[in-house]
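Undergrad: Chains as they are written, first to last, in the working numbering: chain R, 1 to 350; chain Y, 1001 to 1262; chain L, 2001 to 2222.
Hints in this document: simulated from the structure, not taken from any laboratory. Note that the structure is a prediction, hence the values are computed from the model and not measured. Do not take every clue at face value.
[Claimed, not checked] Sample of chain L residues facing chain R (criterion: CB under 10 Å; computed from the structure): (1) Ala2120; (2) Ala2131; (3) Arg2134; (4) Pro2138.
[Said to hold, decoys possible] Computed list of chain R residues with no C-beta within reach of chain L, every gap over 12 Å: (5) Leu170; (6) Glu183; (7) Thr199; (8) Thr238; (9) Val252; (10) Ser261.
Glycine included, every Cβ here is placed at the ideal spot set by N, Cα and C.
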Amino acid sequence: MSLAVAFSAAPGTVVALVGPSGSGKTSTLRAIAGFMRPAAGYVSCGGEVWLDTTAGIDVGARRRRAGFVVQAYALFPHLSAVENVMAGLIDRPAAARREEAHALLARVHLSGIDDRKPSELSGGQQQRIAVARALARQPRVLLLDEPFSAVDQPTRQRLQAEMVELRGELPMPVVLVTHNVDEVARLADSLVLLADGKTVASGTVNEVFGRFDLRPHTGHFETSMVLHAPIGAHDPSTGTTFLDHPAGRLSVGLMAAAPGSMARIRVRARDVALAVGEPGRLSIRNRLRATVSEIAEGEGQAVDVRLDVGGETLIASITREAVRALDLKVGQPVVALIKSMALDRPGDFG
Amino acid sequence: MTSRRMILAVSLVLAAAFAPAAALADDVPTIAAAADLQFALTDMAAAFHAADGRAVKLTFGSSGNFFRQIREGAPFQIYLSADEQFVIDLAALGLTLDEGDLYAIGRIVLFVPDGSPLQPDGELNGLKTALAEGLVTKFAIANPEHAPYGRRAEEALRHAGLWAAIEGKLVLGENVAQAAQFATSGGAQGGIIAYSLALSPAVSSSGSYALIPDAWHQPLRQRMVLLKGAGDTARAFYAFLASQRARKIMRGYGFVLPGETS
Amino acid sequence: MDWQALWLSLHLASLTVLLLLPLAVLLGRWLAVTRISGLSLIEATLALPLVLPPTVVGFYLLVAFSPRSWFGDLWRQVFGGTLAFSFEGLLIASVLINIPYAVQPAQRAFEAIGNELREAAASCGMSWWRALFRIELPLAWPGILTGMVLAFAHTLGEFGVVLMVGGNIPGETRTIAISIYDRVQAFDDAAAGRMAAVLLLISLLVIAATLLLSQRIGKRRG
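Using the sequences and the hints given, assemble the complete structure.
TA: Spelled out as structure tokens, the structure:
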């Protein structure tokens, strides 16, 4: 398979490589890590050129400081958890290794399992050890190959929340390979969409997910748009927190965060309904003032409508019949009714 | 397996590997002897040790095999062949100290194990009849290619006109001692082996034998020789082999000594 | 009971194993990770001693050891004395014919580790050497050891090649297997029987050891 991929990532950001199986995501990671040598390529990280086929430069995998977490974790089965992390600390003085490894495990929320072997631990614990080991070497880039796919749903939610928290503290870029668009919306700052080894699109999450022409790749019903809103006030009596989005007030379950801190909200297109004019009494409390900015072309029952909500983008997936009934036009003001949304709560581990 | 047991096992292997090999610095020469001398030479070596105090190492096999090995540089110091031609050839190749000495004339016998349909008839008439009646399926001789006793056995069988009938039933021993082993084991109905072997208690207790007329084959002129590089012990033993003590032992095993008649 | 022959056999087997160990580790590992195109050919060549009759091996070794060949002549010039009918010659023969017994289990053991673990070691910054000692050998040792045990046992029992290349020289090339053969021809069944029993016992111990080891390998994978 031939690859044609190009992207860059700033420290502390997460770039997601998204695409179906066989689209070249893992090969790209392996090329960055140095386990695959492309016919032609250029990889530069942290100011060092790792690969430049035109100049004949190919730094060996061992010398590239790339932290790599593979799908099966590849933990050393004969070493304990702390010894696995110590394996990444061979550059450090021997006396300090165990302590530093222990600290890294604590950082990924693993305690009390230092001396257990990987086979005695759960999938979620193994994944965290793999991440700790990758970070031990203070890599210039962190490469994650479908790191959440081998665990069950509840564990996955928890691990993703931890990754969100960890991401903010990391001094290096993170390249995340996944075919799960939900994960992308939750974790990534930007993404590269791959199909058959070629780059189909790249950009921020909203930029890529918002494009109608990419729907065959990103999927109709699963893609989320991302909204940002500061926390306004808490009402403990009803267990509600209010978010003050420019386009309207949103109420969510009680959050343990101070007013003023920014919340990140993910809204799926299928969870958005539209109303023209002021809606009557509805059980859906979350309503945002919106303007129709685009109505998708194409056949089929469902139509995607792009909305501008206070400067941010939202997409509503409604029926063609509804579009006609409401006589929707570009530029028309509407109310976006959000039935359900996913919240990244700071400090919450699911 | 605990690591302690592993360490023990590894230490044992290392100890065996690095232990000094058998003491080769001592002058204990190795003697290559034709297989018919299996018992006779063992007795002589014991007598030598009792008289002289020194020891020798004996290895028995087919004379032809030893000839080849010595030619390839095998580290023997004395060679006792059952066929003097081998010794003469070695001398011509310059591998010996001299032409050596004739030490005995050997004889062949028909050996018949207990329970066999054959009778110990030196003239081989019984064998002829048994072959005709189909009672003989296996008959042991030494390999005529390189064992002198085997060659003589073939000559005797041809002389008796039995070769064609018996050739397909032959079990060939690598040397005459192995042929004797085949013959006594009961796997064969009989065989032609060395007289010296038949006289030993081990063989004679399991069957009976009869001398085959020596006119029926070339004489078994057995020659011994000191090889190049032979040390003091070898020379002493070589000399012992010509002594009265040694000759008495040889006679006991049916050998005809040079200068004597049987 | 020919203790000298037994000792000689143990000596030969131990030295063979010692010489084969580094070869098995390095060659086994290389075979497990290499991707060169002629790999099957190399594996087939290394497996030859498994299928070749011992007399064929013995024959070619005799030719190579003979002072008339360049190898035998070189040996004689450097060390004096011939390679045939010597313990050193037996050792060379023994190492050669045991290569598949030692290398194949080691190769399987290294293959079982899988490249993912090797890449993880590289990602940790480990040198090839360090990865071999810290990661690969601790995981592969049961397989390597199995190969050593097999080679040890096989050497103890080797007859055809030893007879052809070594002759039957007491204290030098008369191994216990040869000694049994020798005693049978000398009509000394008692001694032959004792030595055969000893070899049988050792063989049973070897089988037990390999079974234990393969259980351990199985446990590790499961």
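Undergrad: Does Ala2120 of chain L pass the interface check with chain R, least Cβ-Cβ distance below 10 Å?
TA: Given a least distance of 4 Å, the restraint on Ala2120 of chain L holds.
Undergrad: Per the stated criterion, does the least C-beta distance between Ser261 of chain R and chain L lie above 12 Å, as a non-interface residue requires?
TA: Per Cβ check, Ser261 of chain R is outside 12 Å of chain L; nearest 36 Å; holds.
Undergrad: Does Arg2134 of chain L pass the interface check with chain R, least Cβ-Cβ distance below 10 Å?
TA: Holds. Min distance 7 Å.
Undergrad: Are all C-beta atoms of chain L more than 12 Å from that of Thr238 of chain R?
TA: holds, 50 Å
Undergrad: So, as I understand it, the hint says Pro2138 of chain L touches chain R; can you test that by seeing if any CB pair is closer than 10 Å?
TA: holds, 5 Å
Undergrad: Does Glu183 of chain R really sit off the interface, with its C-beta more than 12 Å from all C-beta atoms of chain L?
TA: holds, 22 Å
Undergrad: Are all C-beta atoms of chain L more than 12 Å from that of Val252 of chain R?
TA: holds, 40 Å
Undergrad: Would you say Thr199 of chain R is clear of chain L, with no C-beta pair closer than or equal to 12 Å?
TA: holds, 25 Å
Undergrad: Please confirm whether Leu170 of chain R is truly not at the interface, meaning its C-beta sits more than 12 Å away from all C-beta atoms of chain L.
TA: holds, 17 Å
Undergrad: Should the interface hint for Ala2131 of chain L be scored as holding, given a Cβ-Cβ cut-off of 10 Å against chain R?
TA: holds, 9 Å
Consistency note: the structure conflicts with none of the earlier hints.
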